[in-house]
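Colleague: I would like the entire structure built from these sequences, with the hints used as guidance.
For the record, the sequence lines run as chains A and B. Counting from 1, one number per residue, gives the positions in the first sequence under this note's numbering. Counting from 1, one number per residue, gives the positions in the second sequence under this note's numbering.
Derived from the structure by calculation, the hints contain no laboratory data. Keep in mind it's a predicted model, so treat the numbers as computed, not measured. Take the hints with a grain of salt, since some may be wrong.
[As the list claims (entries may be wrong)] Pairs of lysine to any residue, SDA-like flavour, derived with a Cα cap of 25 Å:
id, chain 1, residue 1, chain 2, residue 2
1, B, Lys100, A, His76
2, B, Lys135, A, His15
3, B, Lys60, A, His15
4, B, Lys12, A, Leu207
5, B, Lys135, A, His76
6, B, Lys109, B, Ala22
7, B, Lys60, A, Asn65
8, B, Lys60, A, Ser74
9, B, Lys135, B, Gly236
10, B, Lys12, A, Glu219
11, B, Lys12, A, Arg164
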Amino acid sequence: MNLREFNPDGIQEAHSFLAALRSGEALPVPFELLQDDDLSSPLPVSIKGLGESFESRFEMALRMNTVLDPILDSAHADSVGMWTWLALLYLDALAPPRADGSRKIGDEALYVLEPDNWRRYYRHLLAGPCRVMRAHWNELHVTQAILAGKPSVPGELYEQIASRQEVVTSPALLRLTRRLYWDTSSKGLKRGAASKGAGSARRLAALLLQLDLTWDFAEMTDDAMINLLPKREFARFASG
Amino acid sequence: MSVRHFNYTHRKRLLHSDTSIALSRREDEVSFDVQLRLASYDFPGDARLVVEAYRQTSLKRFGFGTVSNPRPMGSTLLDGFPDVESLLFRVKVIDLPSGKLLAEADRIKPADPDGGERPSFLRVRSDHLSGEAWKLEFEDDYPILVIEKSYGPYQSLLASPHFRWLVLPQLLRSLLERALREDLDDVVEESATSWQSAVLRQARLLTGTTPPDEGDEQVIAEWITSAVRAFSRRHGLAQRYHADVFGGSEE
Chain A
1 MNLREFNPDG IQEAHSFLAA LRSGEALPVP FELLQDDDLS SPLPVSIKGL
51 GESFESRFEM ALRMNTVLDP ILDSAHADSV GMWTWLALLY LDALAPPRAD
101 GSRKIGDEAL YVLEPDNWRR YYRHLLAGPC RVMRAHWNEL HVTQAILAGK
151 PSVPGELYEQ IASRQEVVTS PALLRLTRRL YWDTSSKGLK RGAASKGAGS
201 ARRLAALLLQ LDLTWDFAEM TDDAMINLLP KREFARFASG
Chain B
1 MSVRHFNYTH RKRLLHSDTS IALSRREDEV SFDVQLRLAS YDFPGDARLV
51 VEAYRQTSLK RFGFGTVSNP RPMGSTLLDG FPDVESLLFR VKVIDLPSGK
101 LLAEADRIKP ADPDGGERPS FLRVRSDHLS GEAWKLEFED DYPILVIEKS
151 YGPYQSLLAS PHFRWLVLPQ LLRSLLERAL REDLDDVVEE SATSWQSAVL
201 RQARLLTGTT PPDEGDEQVI AEWITSAVRA FSRRHGLAQR YHADVFGGSE
251 E
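Modeller: Dropping the structure here:
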């Protein structure tokens, strides 16, 4: 199957479909809508390699970047029609059905890309993680911590880091978040990383924005960065 | 009552007017050139200069030598960005080896001399306009071209011939009307890099005459019309219209 891109009518239909889901209707993935030639047109990329589901946001972003590589550096990278089409195709991963078939549908920006609005762009459940990983492609392991978790749940760490442009664009700072919050043995986030308390991602993001006014982190070692953080507050995360 | 600010970081403010960044296009590649005026800042000569180009989650970092010897340390090619036109730049002066920022200028919009007819000072974004195709808005007195969101990526609309012959002349007219509504001396003296100065400079070049400084609305309207017509002629908008509507060559 080839990737497709909704036209304006298709995007309008997608909005209506999401509204129906939000009102509680139990609807499956809308394959008819996705294949309607009046609403979308094919792009020259096969999506066979994407698979049907994803274990984590990291895996999802990795597969998207690999399979969609031919178009992700083109103007299509910001195509509202393409990302909305993909979001509906992967609806079961992004908004899994409950026992009665209904789905929990969040804000529109989670499914319909808002490419020109930085404060909402990163929220798209597919394009956001895909873009974050692509920005750090040369050392993509640094995105492991912020792309942890299920595709349908961005999580507090992602929200705190990805919403701050100065932080999410910096490989050094993503390396720091991984060092602090990623548990290499359990391959998941350390307990407390996503809380609102001391040493949490929320506190780190706020501190980094302050420190960013004084320091250039790009060439700093992880230890040098950790030394800038309040020692007692981050000790339990920094120690391993 | 005035607000007193404390600069605990001792970081200096690097003025945008002391930085010039210009995009340079060659076939399909876009790179950039930088000129910095740092003599008055009293930075240590060995402080490191770094320029960062960024958009949303993407950032590229370019070494530019030291304060005493500013020069690109490698290629300044802006590859890997899907939309170079919306890039912003940041210039950093860094003390090494501490990594402390001595100065920074952020959100620098580059000049784009070969970037097509759209004025480089005009920001663009898409939004729901409920049937309206486009409109010009002013946010903090800065012009923003808003394009109906359901049309898809605005870049494709900007590149279309329809956009050029239908929208650009009216856009220029609206910008000139707004710029001339303000006191001309203030506009010129306040900042040579303001959007008002830029659009008036462009109109002056198009018409070969300076903007009227009298309050006669008829004279101002005629000057604006002559600038818009000269703009349309220069970019062959009538020919593009014929080619687009009736087919055939633009020549």
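Colleague: For the pair we were handed, Lys135/B and His76/A, check the Cα-Cα distance against 25 Å.
Modeller: holds, 24 Å
Colleague: Checking one constraint from the list: CA of Lys135/B to CA of Gly236/B, max 25 Å. Satisfied?
Modeller: holds, 23 Å
Colleague: Given the proposed pairing of Lys100/B with His76/A, does the C-alpha separation stay at or below 25 Å?
Modeller: violated, 39 Å
Colleague: Holds or violated: Lys135/B and His15/A, Cα atoms, limit 25 Å.
Modeller: With a Cα-Cα distance of about 23 Å, the restraint between Lys135/B and His15/A holds, given a limit of 25 Å.
Colleague: Hinted pair, alpha-carbon criterion (25 Å max): Lys109/B, Ala22/B. Please report holds or violated.
Modeller: holds, 9 Å
Colleague: Is the straight-line distance between the alpha-carbon of Lys60/B and that of Ser74/A 25 Å or less?
Modeller: holds, 17 Å
Colleague: Just to be careful, I want the Cα atoms of Lys12/B and Leu207/A compared with a cutoff of 25 Å; is the pair within it?
Modeller: The given pair, whose Cα atoms are some 21 Å apart, holds under the 25 Å limit.
Colleague: Lys12/B and Glu219/A: Cα distance at most 25 Å?
Modeller: holds, 21 Å
Colleague: Would you check the hint for Lys60/B and His15/A, treating anything up to 25 Å between C-alpha atoms as holding?
Modeller: With a Cα-Cα distance of about 35 Å, the restraint between Lys60/B and His15/A is violated, given a limit of 25 Å.
Colleague: Are the Cα atoms of Lys60/B and Asn65/A separated by 25 Å or less?
Modeller: Distance of about 19 Å is within 25 Å: holds.
Colleague: Given the hint that Lys12/B pairs with Arg164/A, does the C-alpha gap stay at or below 25 Å?
Modeller: holds, 23 Å
Taken one by one, the earlier hints fail for this structure at numbers 1 and 3, listed in ascending order.
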